[in-house]
Amino acid sequence: MIGSVLRIWPIATNTLREAIRNKLLYALLFFGVLVIGASVLIASLSYVEGERIIQDIGLAAMQLFSVGIAIFVGIGLIHGEVERRTVYTILSKSITRSEFLLGKYLGLLLTVWLQLVLMAVAFAGVSAAAGASLSVTHVVAVLGIAMELAVVVAVATLFSTFTTPMLAAFFALGVYCIGHLTRDLNALGGQADDPVVRGLAQGIYRVLPDLDSFNFSLYAVHGWALAPNDVLWPMLYAVGYVLALLFMATYIFRVRDLK
Amino acid sequence: MYGNENKTKAKPRLRRRLDSWASATLLGLGFLAVVLVTGFVHQRIPVAPESEQSGRLVPRPEVAQVLSLGFESVVSDYYWLKAVQIAGGARTPGPEQGDYLARLVDLVTYLNPHVGHAYRFAAVWLIQTEEEVREANRLLRRGIESQPEEWRNWFYLGFNHFYYLDETEEAARNLAVASELPGAPAYLSRLVVRLRAESGGLDVAQALLSEMVRDTQTEEALSGYLEALGEIEVERHARDLDSAREAFVETYGRDIESMDELAAFFDPILNRLPRAQPSRVGIELGGESNWVIDPESNQIVSDYYGRRYRVNFASDRAHRIEEWNRSAGTVSESSSEEGAS
Amino acid sequence: MKRGGQEGAMRELANERIKVEGLVKDFRPGLGLRSRRVLNEVSFSVREGEIYGFVGPNGAGKTTTLKILMGLIRPTAGQATILGHPVSESRFRQEVGFLPENPYFYSFLTAREILDFYARLSGISAADRKPKIAALLRDVGLEHAADARLKTFSKGMLQRVGIAQALIHDPSVVFLDEPMSGLDPIGRKEIRDIILKLRADGRTVFMNTHILTDVEMICDRVAIIVKGHIRYEGPIADLLRGDDMDSDVVLTRLPSDLGIRLQERYGSRVKGMGERIEVRVPDKDVNSLLTASLGAGAEVVSVTRNRHSLEHAFLSAVREGTASYPNEQKEMEKNP
Numbered sequence: 000m001i002g003s004v005l006r007i008w009p010i011a012t013n014t015l016r017e018a019i020r021n022k023l024l025y026a027l028l029f030f031g032v033l034v035i036g037a038s039v040l041i042a043s044l045s046y047v048e049g050e051r052i053i054q055d056i057g058l059a060a061m062q063l064f065s066v067g068i069a070i071f072v073g074i075g076l077i078h079g080e081v082e083r084r085t086v087y088t089i090l091s092k093s094i095t096r097s098e099f100l101l102g103k104y105l106g107l108l109l110t111v112w113l114q115l116v117l118m119a120v121a122f123a124g125v126s127a128a129a130g131a132s133l134s135v136t137h138v139v140a141v142l143g144i145a146m147e148l149a150v151v152v153a154v155a156t157l158f159s160t161f162t163t164p165m166l167a168a169f170f171a172l173g174v175y176c177i178g179h180l181t182r183d184l185n186a187l188g189g190q191a192d193d194p195v196v197r198g199l200a201q202g203i204y205r206v207l208p209d210l211d212s213f214n215f216s217l218y219a220v221h222g223w224a225l226a227p228n229d230v231l232w233p234m235l236y237a238v239g240y241v242l243a244l245l246f247m248a249t250y251i252f253r254v255r256d257l258k
Numbered sequence: 000m001y002g003n004e005n006k007t008k009a010k011p012r013l014r015r016r017l018d019s020w021a022s023a024t025l026l027g028l029g030f031l032a033v034v035l036v037t038g039f040v041h042q043r044i045p046v047a048p049e050s051e052q053s054g055r056l057v058p059r060p061e062v063a064q065v066l067s068l069g070f071e072s073v074v075s076d077y078y079w080l081k082a083v084q085i086a087g088g089a090r091t092p093g094p095e096q097g098d099y100l101a102r103l104v105d106l107v108t109y110l111n112p113h114v115g116h117a118y119r120f121a122a123v124w125l126i127q128t129e130e131e132v133r134e135a136n137r138l139l140r141r142g143i144e145s146q147p148e149e150w151r152n153w154f155y156l157g158f159n160h161f162y163y164l165d166e167t168e169e170a171a172r173n174l175a176v177a178s179e180l181p182g183a184p185a186y187l188s189r190l191v192v193r194l195r196a197e198s199g200g201l202d203v204a205q206a207l208l209s210e211m212v213r214d215t216q217t218e219e220a221l222s223g224y225l226e227a228l229g230e231i232e233v234e235r236h237a238r239d240l241d242s243a244r245e246a247f248v249e250t251y252g253r254d255i256e257s258m259d260e261l262a263a264f265f266d267p268i269l270n271r272l273p274r275a276q277p278s279r280v281g282i283e284l285g286g287e288s289n290w291v292i293d294p295e296s297n298q299i300v301s302d303y304y305g306r307r308y309r310v311n312f313a314s315d316r317a318h319r320i321e322e323w324n325r326s327a328g329t330v331s332e333s334s335s336e337e338g339a340s
Numbered sequence: 000m001k002r003g004g005q006e007g008a009m010r011e012l013a014n015e016r017i018k019v020e021g022l023v024k025d026f027r028p029g030l031g032l033r034s035r036r037v038l039n040e041v042s043f044s045v046r047e048g049e050i051y052g053f054v055g056p057n058g059a060g061k062t063t064t065l066k067i068l069m070g071l072i073r074p075t076a077g078q079a080t081i082l083g084h085p086v087s088e089s090r091f092r093q094e095v096g097f098l099p100e101n102p103y104f105y106s107f108l109t110a111r112e113i114l115d116f117y118a119r120l121s122g123i124s125a126a127d128r129k130p131k132i133a134a135l136l137r138d139v140g141l142e143h144a145a146d147a148r149l150k151t152f153s154k155g156m157l158q159r160v161g162i163a164q165a166l167i168h169d170p171s172v173v174f175l176d177e178p179m180s181g182l183d184p185i186g187r188k189e190i191r192d193i194i195l196k197l198r199a200d201g202r203t204v205f206m207n208t209h210i211l212t213d214v215e216m217i218c219d220r221v222a223i224i225v226k227g228h229i230r231y232e233g234p235i236a237d238l239l240r241g242d243d244m245d246s247d248v249v250l251t252r253l254p255s256d257l258g259i260r261l262q263e264r265y266g267s268r269v270k271g272m273g274e275r276i277e278v279r280v281p282d283k284d285v286n287s288l289l290t291a292s293l294g295a296g297a298e299v300v301s302v303t304r305n306r307h308s309l310e311h312a313f314l315s316a317v318r319e320g321t322a323s324y325p326n327e328q329k330e331m332e333k334n335p
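Protein chains in written order, with numbering that gives the first Met the number 0: chain A, 0 to 258; chain B, 0 to 340; chain C, 0 to 335.
In isolation and in its complexed conformation, chain A is listed as follows (with noise of 0.2 Å):
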């Protein structure tokens, strides 16, 4: 047990390493940090609610672009290995498969949270300079696109583990856009008459992740109370997707050549 920690934590470390030498990370943080400032610019074509809009704005750019880093960093992890052949010394040294994917995992979550923290406090800095309220739950919100960066980058990491990583962008992207959607798609088809699309609803609903649970912003941006149910089961369910989604992810991982 020691001993997997021992060894999955280089990898998560050397990933993190990586993806901090990578270009393309500080270009979309640049964006993401960007897109936050302007949001003081477009509040002001607002005449009321200014601080509430670069709210909005401000933790929906903090949403999009760390799932962006989170895909497009993400889905090249374990192909990029692959095909780059660096998995084959690794692999030779006494690291199992499934320790070097939960490594690579591990190092990739620890990177995009490392640039939704620094978007974080662009997004506190920017609140403050403009007068909005910052509380508990702007936290709570933040942790909340936390939670969802660790299904995202299940997700990817997945999606990573055999397919190329066109193909797993668009997986990923498609199963993050559903994953958006599937609480009004299960409303949608709630109303349905025929059983067939209302099952079909409610296993979509069930089966893909359930993104929305993580959505704390409006709460934040308004005010509303949170009590703290409303914060540890999504918690508790972004811990069981994620672990459901490794299991699948070291399995396939597992039994694959690496040719």
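If you're looking for bench data, these hints aren't it; they were derived computationally from the structure. Check the hints yourself; a few may be wrong.
What the hints assert, rightly or not - Cβ-Cβ distance ranges computed for the label pairs, FRET-style:
#, chain 1, residue 1, chain 2, residue 2, range
1, A, L225, B, L13, 51 to 61 Å
2, C, D219, A, V116, 52 to 62 Å
3, A, A26, C, D219, 50 to 60 Å
4, C, D219, A, G173, 52 to 62 Å
Stated by the list, open to error - Just a sample of chain A residues kept apart from chain B, beta carbon distances all over 10 Å, derived:
#, residue
5, L117
6, Y236
7, G239
No residue lacks a Cβ here, since even glycine has one placed at the ideal position from N, Cα and C.
Take the given structure of chain A and dock chains B and C to it, following the hints.
Chains B and C only, in chain A's frame:
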């Protein structure tokens, strides 16, 4: 020099195979457990409590336009689906949902003014209060701005002015524009003439409602219009009964004491009383509705409605909607509330 | 299991570091396409402390075999063990080092960083890592470039990084995939020396190659694989003990009478005139030629086994049943 100590660590083959089976089974069970627990947890997450209430966030159209990053039409479609969902969910949107609906349609048409039905959709649903109808008219005018050749938007605008707001002149003006546009039914121009001459009346209301019935796709709205048409039908009967009552007074020198006297066995004014409920409503188990003399107003009313029909009923709109809802559920239980007159 | 007796056989078994039995691998090139058999009942074994050459033309199945041994791909059938452990396990890999063909590393790291990374993967403590990495960098001659990013490295330098990472955890068995390919003569010599030093340290070396001279120079035993079939397995000396082997002898200051005698005897096999003469003679004649030449006051510049005759030996070893051999022969010649 190297490696001999490893010999001892190598396990026999059978043991190894058992180990791998055991670990595979354990992993499978673990996976199943994780999936089940996650599913359970997922069910515990409340589906956005605010989504069932009013006050769901509809972004300001200006903000949404910026954020949709060139995908305005897609974002517009998304909110359009939400709007349809709301209207489809409730039989008739409550007052707080009307506001939500208005904002959704506002957003939809702002992001993509080229949508067609959304404008009329708003007109069909935003009818609870005068403010709502005015908001619907504002949206209809937005539609007219982007599609001036679409006669239906003009028609709906005219209908709203006539039917809900009792603004006959404005109604006639809008309907006149509609009648001259391609695709408008031919009777529309005749209707406008009558509207200007009579400033309303059952025939105009009936004609306009019939057109709405033709143009409406949603079942709930349709039943509303059919209901209104039914009321007009009953009102026509009521007006016939009024005439008969006058004839009775002239003949016998006294007012009727009960409705039966109008169709009495000897020397009846009428052969029989007309039906007291719209013809499209079948006879229910509770028996057919009857004509009664309202003790307060002394008017002949059908106990199906409990009051007489007025073309413009913005004032008792809420009451009427309640009636519609009830009649759609149980017809026999007719309201004894009195009508306004 | 036969346990009692047979002490000798047991000792022989214990001596086996790598054992491959009846290995089969089918590849399916794509969905719905017919699978292709790239390994066919491949068996061999490698003993402790030897340099074992796994030789064959490109596409013969060398790398596939090595990848199975490294647990990167799974065999369709058959067994492979290293130090008695099935290759599907991963813990025993502390005892195994691996240099892939044209190794790729994280190019964003420096040589020191990448070695530190592999050292941590191998569970080497922080205190041990620093001196160990410094020593390895010195051994493979990369001290001067220790803190340069790998993206600036030449092929030969990357190969040395590859060897360094394969040795970082002090393995007893080392696998090398085409360790000399793409290197200049000096680089090849240096890698050869490193490999010989591995054997001197008591390590077992398994080496994939299609370069016959390397095989001849350093390998103790070889397996020759052609089209997924093992054609020969055994000591390299046996393979080269043929009568039809030639050597090239280069001589200078040869007295002219001896030159004429050589000309008479070997004819067109004598090249050059005057100061420097090169003559190709059968192996059995080498000793008498050298004695005669030295006796006549000539100097011997070099005696090398003729490359073509070496190839000839390989070819005869693999000839049976390979109709399309000429193509593979060309392949071999293209890669000197």
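How the hints compare with the structure:
For L225/A and L13/B, the hinted distance range of 51 to 61 Å is satisfied, since their beta carbons lie about 56 Å from each other. Range check, D219/C to V116/A: Cβ separation about 58 Å, and the 52 to 62 Å hint holds. A beta carbon spacing of about 54 Å between A26/A and D219/C agrees with the range 50 to 60 Å that was offered as a hint. Under the hint 52 to 62 Å, the C-beta atoms of D219/C and G173/A, about 56 Å apart, fit the expected range.
Every CB of chain B lies more than 10 Å from the CB of L117/A, the least distance being 22 Å, so the non-interface label holds. Its closest Cβ contact with chain B, about 5 Å, brings Y236/A to no more than 10 Å, contrary to its assignment away from the interface. At roughly 3 Å from the closest C-beta of chain B, the C-beta of G239/A falls inside 10 Å, breaking its exclusion from the interface.
Violated hints for the displayed structure, listed by number in ascending order: 6 and 7.
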